Amino acid sequence: MAFTAQDYKKGQPRWCPGCGDHFFLASLHKAMAEIGVAPKDIAVISGIGCSSRLPHYMATYGMNTIHGRAAAIATGCKVANPDLAVWQISGDGDGLAIGGNHFIHANRRNINLNMILLNNRIYGLTKGQYSPTSPRGFVSKSSPYGTVEDPFRPAELCFGARGHFFARAVATDAAGTVDILKSAYNHKGASVCEILQNCVIFNNGTHDSVYTKEGRAKNAIYVKHGEPLIFGENNEFGIAQDGFNLKIVEIANGDWKAAGVLVHDAHCEDNTLQLKLAMMDGTNGFPIALGVIRDVEAPTYDDCVTAQIEEVKSQKKYHNFAELLETNDIWEVK
Amino acid sequence: MSEELEIKELEDVVVRFSGDSGDGMQLAGNIFSTVSATVGNSISTFPDYPADIRAPQGSLTGVSGFQVHIGAGMVFTPGDKCDVLVAMNAAALKTQYKYAKPGAAIIIDTDSFGQKDLEKAAFKTEDYLGEMGIDPDRVIACPITQMVKDCLADSGMEVKAMVKCRNMFALGLVCWLFDRDLNIAFNFLKEKFAKKPGVAEANIKVIQAGYDYGHNTHSSVANVYRIETKNKVPGRYMDITGNKATAYGLIAAAEKAGLKLYLGSYPITPATDVLHELSKHKSLGVTTVQCEDEIAGCASALGASFAGALAVTSTSGPGICLKSEAMNLGVIMELPLVVLDVQRGGPATGLPTKSEQTDLLQVLFGRNGESPMPVMAATSPTDCFDSAYQAAKMALENMTPVVLLTDAYVANGSGALKLPNLNDYPAINPPYVTEDMKETWAPYQRNERGVRYWAVPGTEGFTHILGGLEKDNKTGAISTDPENHNLMTQLRQDKIDNIQVPDVEVLGDVDDAELLIVGFGGTYGHLHAAMDEMRAEGKKVALAHFKYIRPLPKNTAEVLKKYPKVVVAEQNMGQFAGYLRMKVDGFVPYQFNQVKGQPFVVAELKQAFTEIITK
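Which chain is which? The protein sequence lines are C and G, in order.
For the first sequence, the numbering used here begins at 847 and goes up steadily by one.
For the second sequence, the numbering used here begins at 97 and goes up steadily by one.
For the record, the hints were derived by calculation from the structure and aren't laboratory data.
Given the structure is predicted, the values throughout are model-derived calculations rather than measurements.
Keep in mind that a hint or two might mislead.
Said to hold, decoys possible - Pairs of lysine-lysine residues, derived as DSS-like cross-links and limited to a Cα-Cα distance of at most 27 Å, are as follows: (1) C:1162 <-> G:288; (2) G:356 <-> C:1159; (3) C:1180 <-> G:328; (4) C:856 <-> G:245; (5) G:657 <-> G:679; (6) G:570 <-> C:1162; (7) G:570 <-> C:855; (8) C:1162 <-> G:679; (9) C:1034 <-> G:378.
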């Protein structure tokens, strides 16, 4: 049965006009239709925050839960019923501050969840405090003189937690977002998608350099497994290795091989170069990497739990409560 | 049995095995209780173990004890003090002697009372009995270590392995003292060590040696005791701890309801054994997730509940603090969840291995907003089975989190459980949505008992979004409408208030008691024993012991107001008494409160209750 984006839509979103959440929601509806899992077999689970309102606009099963716990709740949901497609929606505060512990452990365990991290580098719902992804020195209501702490870089956290999938898209880039959402679904295991999005009210312009198509042409690189890491308005630049670092090289006459440009390998188990790509932040001439940066197969927790249960079932001789009782030392009083 | 020896009949006897944490005292105690239960004696046991994992050998902090109470009739507690104390080393004698009755027989391994042992146990002289004021005539002083070595000399075992069998020598001696049939112990060991027949054989040999030693020497005691069995209930039995019984009750409920059992948990003393037990039973399809923290334990269970499982999270008081927010989410989303709180001493980390009833108000009221949640409290190790089953049934049929309180005493203590037959247990029928509701259903539509229906993901036609924000009573959409919130608050409260629970039963002098004893949860045995003993002394006393705390049984006010004097006895500062005063107009009870981390002492209860009667 074929589905359309309409089949996943419900209600009228109440985010501020121009909020990145609107763009992302539309892309999610579209991606789900293209993936084709029936709405009844999908659970969309969020925490608290502006972006966590998202499940209310889904015609699927779902929960808009409590602050920070979406990944933990999604974990139980997926393990209890591995047949469900489970999407976890969190903002940068929900996912990386109060929910940071669950974020890293869901990655470490490799639960087959699609973990969406909507990163606008600000607390919106509580009206404008800095978040764990706000840059050092960021001025906000709770940091009027600038923050004195370094931010998390979501990819680094994901990789540090032994994550096997990391992708990035800009909320306004529908094609790029749909593309990584489909890849996240197709990846078996915890799939982290960082969505760069704007907060028009409290952090307007935070991702300006890549928020428009023109901006992305200049300041972003779309990475794709098996393809050379080239970028620029005329594909005139490439990314090459420079000792332990990356460097930008110019490509003459389209001959990227001669320029030593790397070919992206999202499937490489060692995440060293993938991390370097993900860490490029638009400074020092480096573009911001978009697309699927890491996508490595590994056993998923939910599959292993199910497999272990089946294995033990075949080994043990007791399979119901009455039989369980008989495994004890029993005596009879006559 | 030698003829000169007098065989005395006893109503009940308490034996306390004590030694180093690694001395196998629990195994010796378990075998003794099983042997006794097999002949139909009733049993109650309690392990008293240190918080340190492996304190230095022979040190005062490393002593662990295991107390067994066996009786001809019913026994309700592991006993205040013991008739026989087994002390496997000097430190054990030093720390455990306070649990011995004045005339108790004391069995010691003299090989563990050397100079170094005595120093470690902080004895000042070699006259350790004199220092403690123990009459040597009461002591069975036996070189157990040496005798075990001699007994196993031909076994080819290493000395270290031989010495591990010391506990069985002591057990053999105790079995002789109480005229127990060794064959039952032998069978127990053969089964326990089925895969290591050599170990089974060595242990059996040593038990026999201990028994023979007693028999041949009379061990300087005058009597052998026999505990006959009265009023036995025929049937098949097993020895079970409270934590294991809780796990079994949950497994039974899941099977009866036809649901997958999911446990989200984080290790915490004294609740961890429930996680251990459930983790073993994957062949029954039980899914356990050891989460990253207490919060995730509860949160993941709620996710599993949403997905259609019988979801459980297990913890102790500190864990409840962390789970409270997710428990509350369960209240507003109206999803079934069993929250097990095995209470321990608090506040904060408190006394992790000790027992209290101090979480009552926390589980009743320790959440933001109006958060009605049923609370039950298991009354004994074996009652944990029924209580866990009933808690699961209540959660599933009423679409609500339910707290089941046990405590360290009930969780670690054990009793003889008559094997439950699931056919005898009530059906569990969650209020699932039905096909015919498809067109009109909304997430907060309620049945005739005010319970929301359960639409499990995967069901066609019932997609919906739940959440922690207040919802419209009709549409299920987010709502901040004042009237709606007022209504939803009332509906959630009514749902819990309307849950039917059995009346509280009054035991003892139902019609003419001068004093009604009131308690809840794990103190049942001690309060019952206190009542029995007072009645035997001619006093008019009754007991009303509560297992259902929220909602309270319908007859609560009637029972509490029927008697001239009422005392609420609990292991906290008066939490249940305060709750009852809040719920029953004009109820002003006497209180007996003790927070020592140890079970009540029956003698102390009797004294306090007698004082109240004579006031």
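Item to complete: Please write out, lowest number first, the hints stated earlier that are contradicted by the structure.
Response: 4, 6 and 8
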